[in-house]
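Chemist: First residue of the sequence shown? That's 29 in the numbering used here, and the numbers climb one at a time after it.
For the record, the hints were derived by calculation from the structure and aren't laboratory data. Computed from a prediction, not measured in an experiment: that's the story for all the values here. Among the hints, a few may not be true.
Using C-beta positions, here's what the derived DEER-type ranges look like [to be verified]: (1) 138 / 206: 19 to 29 Å; (2) 81 / 285: 36 to 46 Å; (3) 323 / 120: 48 to 58 Å; (4) 65 / 291: 43 to 53 Å; (5) 116 / 34: 53 to 63 Å; (6) 272 / 337: 20 to 30 Å; (7) 340 / 318: 46 to 56 Å; (8) 82 / 220: 36 to 46 Å.
20 Å max Cα-Cα, derived DMTMM-like pairs, lysine to aspartate or glutamate [as the list claims (entries may be wrong)]: (9) 135 / 332; (10) 135 / 159; (11) 135 / 145; (12) 135 / 162; (13) 135 / 50.
Here a beta-carbon is modelled for each residue, glycine too, at the ideal position from N, C-alpha and C.
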Amino acid sequence: MSVAESVTVLLAAPRAFCAGVERAIEIVERALASRGSPVYVRKQIVHNAHVVADLESRGAVFVEELDEVPAGATVVFSAHGVSPVVRAEAARLGLEVFDATCPLVAKVHTEARRYADRGDTVLLVGHAGHEETEGTLGEAPDRTLLVQSLEDARTVEVPDPDRVSYLTQTTLAVDETAEVLDVLRQRFPALRGPSSADICYASTNRQTALRTVAEESDLVLVVGSTNSANTQRLVELARRAGRPAHLIEDAAEILPEWLAGVTIVGVTAGASAPPRLVEGVVEALRARGPVTVVEREVARETIEFTMPGAVRSL
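Please model the entire structure based on the sequences and the hints provided.
Modeler: Following this line, the structure appears as structure tokens:
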């Protein structure tokens, strides 16, 4: 890159790995250390290409479905969770299972079963095809309806408007989800939901931090993979704030033309992106010329999740 004017990099904080992601990766690492290669992982353990490639290099084998796993082998369920049908299939195949489902996703699954068991129709606010949504839908498929948009919220029909509950995917945009829930509450005054928000603390904190950084930035770079829902929400949030924003896997994807005339660059990373990738972005910007790094911290994350019992015994 050619020499550029001095640039200020605003680092959003919190950013990058959350506690659920760190826990999931450690579960795979412990399984590999204890059982040796191969350890099979159903779906990507977290939605980040760098994380997946690193674990593959150490002997993890990623598969789409359990029919790709030899009977009796060791398999890890991803952080996004699985449906009861998948758990039953693992038992039928005699697989040794280590469950890396994020505890916050597991909480949503528990709520889905509880709401359905009391006779409610469950309105799940989320995105079709996302692994987390598929797992939650599978907890009570006959009593759960997916609401993906404001239009869905305006048109969804339930058998009994007085017996209806809602849940949300943990990685949604906070503001857009609030709009959907407002519509649902207007249509179904008896609507009940969880005592605490399903959108996880990490998604909320990263969105709040990004919003703060975007207000001051000429350009926003969001580090993460395209299949990461919480990362995509960060890009959308920056663009809704009127800022040019780009999703990049790592520093190699930064295009020089993005930086033309830019003096303040906001940088963040989705909850499944390794912190080292953010460091690489800062170093790439330094290679162009003088850089001042300023952190904008909106919250300090101290949450740690315990390991599943089966993993603690390894």
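Chemist: Determine for every hint whether it applies to the structure shown.
Modeler: Hints and how they fare:
1. 138 / 206: 19 to 29 Å: holds (23 Å)
2. 81 / 285: 36 to 46 Å: violated (28 Å)
3. 323 / 120: 48 to 58 Å: holds (50 Å)
4. 65 / 291: 43 to 53 Å: For residue 65 and residue 291 the Cβ distance comes to about 48 Å; the hint holds.
5. 116 / 34: 53 to 63 Å: With Cβ atoms ~59 Å apart, the hint holds.
6. 272 / 337: 20 to 30 Å: violated (47 Å)
7. 340 / 318: 46 to 56 Å: The hinted range 46 to 56 Å holds for residue 340 and residue 318, with Cβ atoms some 48 Å apart.
8. 82 / 220: 36 to 46 Å: holds (42 Å)
9. 135 / 332: The given pair, whose Cα atoms are some 15 Å apart, holds under the 20 Å limit.
10. 135 / 159: Roughly 15 Å between the alpha carbons, so the hint for residue 135 and residue 159 holds.
11. 135 / 145: OK: residue 135 and residue 145 at ~15 Å, within 20 Å.
12. 135 / 162: holds (15 Å)
13. 135 / 50: This hinted pair holds, its Cα atoms lying about 18 Å apart.
Against the hints set out earlier in the document, violations occur for numbers 2, 6.
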